[in-house]
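Participant: Here are the chains, one letter per residue:
There are 2 protein chains.
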Amino acid sequence: MNTLKERILQDGCCLEGGVLKVDSFINHQIDASLMMEIAKEFAKRFEDTKIDKVITIEASGIAPAIMVASLLGVPMLFAKKKVPSTMNGILKSEVFSFTKSRSYNICISGEFLKKDEKCLFIDDFLANGNAALGMLDLATQAGAEIVGMGFIIEKAFQSGGKLLRDKGIHVESLAIIESLENCKIKFK
Amino acid sequence: MNTLKERILQDGCCLEGGVLKVDSFINHQIDASLMMEIAKEFAKRFEDTKIDKVITIEASGIAPAIMVASLLGVPMLFAKKKVPSTMNGILKSEVFSFTKSRSYNICISGEFLKKDEKCLFIDDFLANGNAALGMLDLATQAGAEIVGMGFIIEKAFQSGGKLLRDKGIHVESLAIIESLENCKIKFK
Numbered sequence: 755m756n757t758l759k760e761r762i763l764q765d766g767c768c769l770e771g772g773v774l775k776v777d778s779f780i781n782h783q784i785d786a787s788l789m790m791e792i793a794k795e796f797a798k799r800f801e802d803t804k805i806d807k808v809i810t811i812e813a814s815g816i817a818p819a820i821m822v823a824s825l826l827g828v829p830m831l832f833a834k835k836k837v838p839s840t841m842n843g844i845l846k847s848e849v850f851s852f853t854k855s856r857s858y859n860i861c862i863s864g865e866f867l868k869k870d871e872k873c874l875f876i877d878d879f880l881a882n883g884n885a886a887l888g889m890l891d892l893a894t895q896a897g898a899e900i901v902g903m904g905f906i907i908e909k910a911f912q913s914g915g916k917l918l919r920d921k922g923i924h925v926e927s928l929a930i931i932e933s934l935e936n937c938k939i940k941f942k
Numbered sequence: 755m756n757t758l759k760e761r762i763l764q765d766g767c768c769l770e771g772g773v774l775k776v777d778s779f780i781n782h783q784i785d786a787s788l789m790m791e792i793a794k795e796f797a798k799r800f801e802d803t804k805i806d807k808v809i810t811i812e813a814s815g816i817a818p819a820i821m822v823a824s825l826l827g828v829p830m831l832f833a834k835k836k837v838p839s840t841m842n843g844i845l846k847s848e849v850f851s852f853t854k855s856r857s858y859n860i861c862i863s864g865e866f867l868k869k870d871e872k873c874l875f876i877d878d879f880l881a882n883g884n885a886a887l888g889m890l891d892l893a894t895q896a897g898a899e900i901v902g903m904g905f906i907i908e909k910a911f912q913s914g915g916k917l918l919r920d921k922g923i924h925v926e927s928l929a930i931i932e933s934l935e936n937c938k939i940k941f942k
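Top to bottom, those sequences are chains A and B.
Convert by adding 754 to the 1-based position in the first sequence; the result is the number in this note's numbering.
Convert by adding 754 to the 1-based position in the second sequence; the result is the number in this note's numbering.
Among the clues, some could well be false.
Which copy is meant is left open, because identical chains are indistinguishable; a pair holds if it fits in one copy or across any two.
As the list claims (entries may be wrong) - In silico PhoX-like links for lysine-lysine, alpha-carbon gap of 25 Å or less:
hint, residue 1, residue 2
1, Lys846, Lys775
2, Lys868, Lys775
3, Lys869, Lys775
4, Lys846, Lys835
Honestly, the hints are just simulated from the structure, not real lab data.
Could you build all of it, start to finish, from the sequences and the hints given here?
Facilitator: Below, the structure written as structure tokens:
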């Protein structure tokens with residue numbers, strides 16, 4: 755997706771340790787027009803897949819996920835990182851974050867993920883794939899099926915993309931970064 | 755907004771202590787079509803107001819806020835509840851949550867809220883107004899102006915609505931709940 759790649763080159767910041775900062779247009783301040791283009795691209799890439807629900811994890815996944823859900827005409831469900839006191843039938847999974855060097859739980863209410871429901875997982879970044887694996891675990895617990903995963907940015911120099919594709923999951927990433935070496939953004 | 759009120763009566767759950775649970779369609783699982791209708795209604799109610807940016811707080815505010823921003827053709831900025839290690843020029847404010855009986859910080863990067871920028875704050879609930887006041891504090895620190903606040907659901911039996919309107923803020927709430935006494939939802 756060229757508009758996205760150009761924007762990453764223009765406004766993305768490459769920090770030490772393979773961190774790509776896109777908080778001026780993707781995951782803190784959000785360019786709503788670009789996000790709509792991103793959502794349309796996801797909808798196009800999964801147009802041949804039957805999807806009952808779009809799922810994501812708070813907070814950065816919510817904006818792209820709700821727009822994709824709106825385009826597909828299906829509900830969206832986001833996993834929470836804190837267990838709300840009023841949640842029923844909680845399903846939980848532990849996710850290890852390499853960026854933050856700590857584990858956190860993600861949870862959903864089992865009421866909203868049904869057996870055999872076909873889900874599209876949407877998120878901002880794919881790096882080591884731990885968040886995606888956590889979501890896959892939640893879906894498995896619920897008996898639901900993840901029929902696709904869409905990421906705005908994939909870091910191909912980390913292992914998540916290979917790991918998910920090796921499991922046979924249909925993964926689509928809109929901008930694939932081959933390297934951030936010497937703080938230079940290089941696309942695949 | 756009648757569609758919303760009917761949906762609250764149909765799928766909302768009233769719990770002890772004045773809690774209204776709408777997690778099947780508003781703030782956990784989200785009905786994307788309804789959320790788009792909600793966003794259109796906000797856009798309509800603020801059509802005579804000049805708006806440079808839509809602002810909200812993670813996580814429940816993000817879905818309505820990004821849709822409103824998309825309709826208005828402006829960027830969206832969401833305040834975070836944890837300070838990211840890579841954030842520049844952090845502005846912080848403390849918010850007390852009555853529901854959770856504890857305080858938390860909200861923060862934004864000062865880069866993304868500029869002097870004299872006209873902001874519309876969007877959130878799912880207005881109860882005691884503490885989150886809204888926190889956001890007002892952040893905007894004040896940045897020298898930005900909050901020109902309106904839109905809430906999906908306002909609990910008129912709590913003090914937030916009066917407090918914000920008494921400050922001269924243009925507040926729009928799409929469903930105003932007068933009482934949840936005896937676990938019965940009564941609209942104003």
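Participant: Now look at each hint and say whether the structure bears it out.
Facilitator: These are the hints, each one checked on the structure:
For the homomeric pair Lys846 and Lys775, the shortest alpha-carbon distance between copies (20 Å) is at most 25 Å, but the shortest distance inside one copy (29 Å) is not. Taking identical chains as interchangeable, the C-alpha atoms of Lys868 and Lys775 lie at most 25 Å apart only when they sit on different chains, with a minimum of 20 Å there against 36 Å within one chain. Taking CA atoms no more than 25 Å apart as the test, Lys869 paired with Lys775 passes between copies only; the shortest distance there is 23 Å, against 37 Å inside one copy. With identical chains, the CA atoms of Lys846 and Lys835 are at most 25 Å apart both within one copy (10 Å) and between copies (21 Å).
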